[in-house]
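Work the whole structure out from these sequences, hints included.
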Amino acid sequence: MLQGLFVLLFCQLLGELLMMAINAPIPGPVAGMLILLIGLMVLGRVPDGLRLTSTGLISHLSLLFIPAGVGLMVFADQIKQQWWIILVALLVSTFLTLIVVAWVMERFKSKEGQDHGAH
Amino acid sequence: MELTKFWVYFSAQPLFWIIVTLAVFMLAKKLNDWAKGSALLHPVLVAMAIIITLLMLTGTDYDAYFSGAQFIHFLLGPATVALAIPLFDHLSRIRRLFFPVLLACISGSVTAVITVVALGSVLGGSTEVLLSLAPKSVTSPIAIGIAEQIGGYPSLAAGLALITGVMGCLLAPLVFRLLNVKRQASQGFALGLAAHGFGTAYAMQLSTLTGAFAGLAMGLTGVLSSILVPFVVRLMGL
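So the protein lines, in turn, are chains A and B. Per the numbering used here: the first sequence = residues 3 to 121. Per the numbering used here: the second sequence = residues 2 to 239.
Derived by calculation from the structure, the hints in this document are not laboratory data. Be a bit skeptical, because a hint or two may be false.
[Claimed, not checked] For lysine to any residue, the following SDA-like pairs were computed, each having C-alpha atoms within a straight-line distance of at most 25 Å:
#: 1; chain 1: B; residue 1: Lys183; chain 2: A; residue 2: Val94
#: 2; chain 1: B; residue 1: Lys183; chain 2: B; residue 2: Ala50
#: 3; chain 1: B; residue 1: Lys31; chain 2: A; residue 2: Ser61
All figures in this text were calculated on a predicted structure; none of them were measured in a lab.
Put into structure tokens, the structure is as follows:
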């Protein structure tokens with residue numbers, strides 16, 4: 003548990019420092035995730051402590067969005083003025099994104115065909 | 002002690018808003034169970050609405066709330082790093098389906114950011130709103146980071162990503178019927194890419210295979226978008 007937390011925070015710190023050093027547009031935690039992924043690939047397995055901490059954090063992921071989400075209240079004025087723009091843009095864009103991804107995946111899998119018949 | 006004095010003391014402590022956030026979230030989850038998991042009553046949306054109402058009723062500003070809630074918010078960082086574990090678990094699957102997954106991820110991420118920014122700009126949205134809309138298909142912890150990078154409002158971006166997640170779950174069944182998409186891998190990947198964590202939770206209800214592909218899409222989209230979104234936004238002149 004403690005080891006897991008240490009590894010996660012340490013990877014995040016490495017990520018933050020690395021991105022600051024090379025001035026890249028990737029958020030530190032994302033860089034940390036990639037660093038951890040590379041580390042796991044080198045190690046070839048997930049240590050128990052790390053898996054325990056990570057599973058705990060990920061299973062309550064939605065709770066962690068709330069503090070930032072409540073911040074929407076600060077933007078009440080902007081949202082009041084532009085709510086329909088935001089709503090239409092999100093709705094149409096999400097619809098198109100779903101169509102594109104589903105279409106590409108379907109097209110590909112039908113070409114690749116029966117190589118894994120388990121589906 | 003008088004009640005008002007107690008209130009002044011207690012609400013000034015970070016502990017109070019942590020407890021409120023936890024309690025309201027647990028209540029929102031209960032409500033969602035009663036509503037049989039309806040996406041419109043997603044626990045996060047319900048909890049946000051209740052907490053915002055509470056803050057307005059008590060005249061508390063967001064900074065005071067965040068002085069406590071930041072301790073929950075802080076965990077987003079390590080939680081994002083922890084997404085490496087499901088990615089590692091699905092590594093053999095990623096390798097096997099490397100090409101279709103990569104193509105779907107690139108085309109989907111590009112579609113998501115270009116359509117939302119273009120549409121918002123045509124409809125007359127302000128630059129800050131457009132920049133906060135850009136990472137909307139990315140899971141909130143990463144969307145927050147991207148919005149910070151490109152000059153949008155992190156909180157607004159997080160909220161818009163949450164709303165996108167709800168929309169994705171409502172629209173997905175319609176799209177799958179329209180395009181006659183039946184494969185679990187395709188359904189899952191589309192849900193995870195367009196609706197990140199919300200889509201992944203929804204996909205998990207359909208089947209674990211669908212859920213695995215949704216989680217995969219969410220992780221890959223997060224990584225790709227953190228490189229792609231700043232680039233596309235600059236190309237579009239924002």
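Verification of the supplied hints:
1. Between the alpha carbons of Lys183/B and Val94/A the distance comes to roughly 22 Å, so the proposed pair stays at or under 25 Å and holds.
2. Pair hint Lys183/B plus Ala50/B does not hold up; C-alpha atoms about 35 Å apart against a cutoff of 25 Å.
3. The suggested pairing of Lys31/B with Ser61/A holds, with an alpha-carbon distance near 16 Å, which does not exceed 25 Å.
Taken one by one, the earlier hints fail for this structure only at number 2.
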